[in-house]
Amino acid sequence: MVPVFFAYFALVSVVAAVLTVSLRNPVQCGIALLLLLGHIAGLFVLLHAEFLAAVQIIIYAGAILILYLFVLMMLNLKSEERYVHRRYAWYIVGVGAMSIELLLVLLASSYAGVKGTATPQAVETVGNSAAIGILMFSDYLLPFEIVGVFLLGAIVGAIVLTKNPTRADLENESS
Amino acid sequence: MIPVSAYVFVSAILFVTGVVGVLVRRNFIIVLMSIEIMLNAANLNLVAFADHLQSLGGQVVALFVIAIAAGEAAVGLAIIIVVFRGKIATNVDQINLLKW
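Listed in order, the protein sequences are those of chains R and S.
Residue numbering for the first sequence follows this note's numbering, starting at 1 and increasing by one per position.
Residue numbering for the second sequence follows this note's numbering, starting at 1 and increasing by one per position.
Since the hints were derived computationally from the structure, they do not count as laboratory data.
Hints are supplied without guarantee of correctness; some may be wrong.
[Claimed, not checked] List of simulated lysine-lysine pairs, DSS-like, C-alpha gap at most 27 angstroms:
1. Lys87(S) to Lys99(S)
2. Lys163(R) to Lys99(S)
3. Lys163(R) to Lys87(S)
Could you build the full structure based on these sequences and the hints that come with them?
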């Protein structure tokens with residue numbers, strides 16, 4: 001059963017990615033991106049990352065994509081007529097040839113490596129979310145705190161960038 | 001059991017699709033969406049190897065990548081709103097204020 005689900009999720013996510021890049025109407029691109037994010041979450045479930053699948057749905061599909069759609073609605077973009085860079089369009093041939101080569105190499109590799117201790121059975125005894133939480137607040141505490149500061153900076157940056165200049169600001173600038 | 005190379009294959013295709021989107025599209029928002037596709041491809045790789053090597057570190061880092069993507073979307077979309085409101089540009093080639 002797992003190979004069937006893998007084939008479905010992989011195929012739909014690739015098709016959705018191509019649609020996101022190639023559709024003309026930006027809103028339709030957003031919907032294709034939603035499809036991609038949902039199917040990537042399905043792949044995460046197949047990889048025993050249930051917590052990450054939930055986070056993917058809640059944060060990516062629920063928050064980030066809605067932000068994109070809000071901005072799209074606010075700006076009222078028209079579908080573009082000439083919608084690609086003709087100058088770069090022929091790079092696709094080179095990128096395609098290189099990526100086929102790379103894909104063949106990737107498929108042929110064996111991916112050996114030292115196995116860790118978090119076997120699926122070991123993770124199942126405490127639960128996926130609990131295991132991730134314990135790791136995040138022990139080994140990855142410093143990156144976690146840095147991400148917190150980063151998000152604060154992003155919030156402040158977004159507010160400062162989109163704030164309408166007040167009369168006092170304009171007077172300060174002119175004087 | 002799906003081999004890890006299959007996941008790497010899917011992730012590579014998604015990443016290349018994102019790169020092509022960034023290079024080829026002219027609409028800002030689609031360029032940002034292509035960056036999201038690339039981040040998702042990287043996440044898929046991280047989680048696939050976390051499963052393959054039986055270590056949860058990859059999943060934690062993927063969580064951080066999602067957080068970074070949220071911040072990037074917020075700031076990127078704020079910049080897009082400013083650019084549109086000031087009627088500076090309507091597509092990516094017209095933004096050349098910082099171009100040397």
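Comparing the hints with the structure gives:
1. Lys87(S) to Lys99(S): 18 angstroms, holds
2. Lys163(R) to Lys99(S): Roughly 25 angstroms separates the two Cα atoms, so the pair holds.
3. Lys163(R) to Lys87(S): 16 angstroms, holds
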